[in-house]
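Student: Could you put the whole structure together from the sequences, leaning on the hints where they help?
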Amino acid sequence: MNSRYTLRSSNENSNCLQKKVVLPQPIQVWLQQRKCDCYAHLIKESTDSNSNAPTLIHLFKKITTLGRQSKCDVVFDSLIHPMNISRIHAKLEMTADGVVISDLSTNGIFVNNEKVTFKTLRDGDLITLAGGKSIEIGTIFKQPSSSFNFRYEVLKKGESPTTNIDNTSDFLTSTSENCLDTVSDEYYSMNLRANTVRGNVTCPMCKKLFVVPITLSCGHTFCYTCDLEYSMKYGNCYECPICFQKARTRTKSIVIESIVDNIIKGDTQRDKSLFEERQRFARMYLLNTPTLYGKINVSKLPYGFGEWKEEQKLEVQKLMSIVSGIERENWFVALGITKFDLIHASNDIIIQTLRNLKINFNDSDDPKIKLALIFVYINTNPTIPQ
Numbered sequence: 001m002n003s004r005y006t007l008r009s010s011n012e013n014s015n016c017l018q019k020k021v022v023l024p025q026p027i028q029v030w031l032q033q034r035k036c037d038c039y040a041h042l043i044k045e046s047t048d049s050n051s052n053a054p055t056l057i058h059l060f061k062k063i064t065t066l067g068r069q070s071k072c073d074v075v076f077d078s079l080i081h082p083m084n085i086s087r088i089h090a091k092l093e094m095t096a097d098g099v100v101i102s103d104l105s106t107n108g109i110f111v112n113n114e115k116v117t118f119k120t121l122r123d124g125d126l127i128t129l130a131g132g133k134s135i136e137i138g139t140i141f142k143q144p145s146s147s148f149n150f151r152y153e154v155l156k157k158g159e160s161p162t163t164n165i166d167n168t169s170d171f172l173t174s175t176s177e178n179c180l181d182t183v184s185d186e187y188y189s190m191n192l193r194a195n196t197v198r199g200n201v202t203c204p205m206c207k208k209l210f211v212v213p214i215t216l217s218c219g220h221t222f223c224y225t226c227d228l229e230y231s232m233k234y235g236n237c238y239e240c241p242i243c244f245q246k247a248r249t250r251t252k253s254i255v256i257e258s259i260v261d262n263i264i265k266g267d268t269q270r271d272k273s274l275f276e277e278r279q280r281f282a283r284m285y286l287l288n289t290p291t292l293y294g295k296i297n298v299s300k301l302p303y304g305f306g307e308w309k310e311e312q313k314l315e316v317q318k319l320m321s322i323v324s325g326i327e328r329e330n331w332f333v334a335l336g337i338t339k340f341d342l343i344h345a346s347n348d349i350i351i352q353t354l355r356n357l358k359i360n361f362n363d364s365d366d367p368k369i370k371l372a373l374i375f376v377y378i379n380t381n382p383t384i385p386q
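Counted the way full-length UniProt numbering counts, the sequence shown spans residues 1 to 386.
Bear in mind the hints are in silico, worked out from the structure with no lab data behind them. Among these hints, one or two may not hold up.
[Unchecked claim] Listed below are the simulated DMTMM-like cross-link pairs for lysine to aspartate or glutamate, each with C-alpha atoms no more than 20 Å apart in a straight line:
| # | residue 1 | residue 2 |
| --- | --- | --- |
| 1 | Lys91 | Asp73 |
| 2 | Lys252 | Glu311 |
| 3 | Lys368 | Asp348 |
| 4 | Lys370 | Asp341 |
| 5 | Lys119 | Glu136 |
| 6 | Lys252 | Glu229 |
| 7 | Lys207 | Asp261 |
| 8 | Lys207 | Glu229 |
| 9 | Lys300 | Glu310 |
Tutor: Written out as structure tokens, the structure is:
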């Protein structure tokens with residue numbers, strides 16, 4: 001069901017705090033009927049089970065932003081809207097001529113089914129978020145491909161929106177505290193914040209917590225296996241499914257991975273087990289799929305620190321000659337050779353690994369030097385054919 005908002009204005013002028021809630025229908029009706037000192041309201045007219053968009057938004061600032069990013073004034077859940085709503089999707093600004101909406105998104109904004117970059121809103125305007133990345137500005141569609149539709153009813157007439165807006169401070173007045181009373185803390189709990197944090201470390205492709213998160217050159221992050229599967233389908237330099245830029249490079253997101261690890265520590269044992277199962281699946285996925293640059297006979301690939309057969313050594317050499325970056329490091333994990341295990345391995349295991357990888361070394365070398373030779377090999381980035 002489409003989500004719609006009505007922009008309504010009160011006659012009194014003051015600032016108030018906006019809160020993000022999902023309320024039962026009786027409370028929604030009560031809020032719509034209750035007067036407050038805000039300049040304007042955005043009121044959701046219909047329920048949407050697939051959205052946690054706020055039921056009541058108080059417009060008390062000169063500029064109000066909408067998006068998935070936590071710093072936005074109106075935050076859309078990253079778990080639900082990662083492919084449609086941008087981190088900062090739109091800006092609503094109070095000007096002398098009225099409320100102006102500006103497009104800051106990837107997927108576009110429509111006003112009355114016409115794609116716009118910015119537009120002064122008028123009474124009854126239909127605002128559609130997303131659904132028009134490939135549509136040119138000014139094009140009119142009967143129905144843009146988006147379920148994020150909002151109806152604006154501007155009731156504040158005969159007065160400029162900026163007449164009583166303080167442009168230098170967002171400090172709340174005592175009268176604005178009346179607006180806080182309209183929403184019970186029961187409906188604005190810490191769960192919303194927790195969901196927002198969890199949503200920001202959720203893969204847009206699989207809609208689950210990141211497993212081995214990697215960041216593309218455009219800045220968007222995905223699970224490594226999700227990226228690999230997408231790359232195998234569309235090619236190594238595929239277009240990012242969010243911003244549609246070419247994904248030419250990939251780097252491991254250590255910070256995001258650490259955040260996920262901390263979240264998992266607080267989860268139930270069942271959730272922890274499910275996450276560990278996904279990690280095991282990621283390794284199996286690597287061992288049973290071709291690389292991005294050509295097929296590798298994964299059945300010949302060895303595992304662990306034991307002595308490898310000659311054909312296994314050659315197959316690994318072939319693989320390492322064409323993979324780099326995060327893919328190279330993860331293939332070593334798939335082969336059972338992790339940096340953690342290497343650091344705690346005996347000198348005999350280090351020597352056997354050097355021989356397996358056909359790395360030249362001297363028997364008289366210090367064990368730390370031998371270990372460094374393996375790390376250098378793991379971090380080597382060969383020239384990859386475009």
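Student: Which hints from the list above does the structure break, by number from lowest to highest?
Tutor: Number 2 - this is the single hint that the structure violates.
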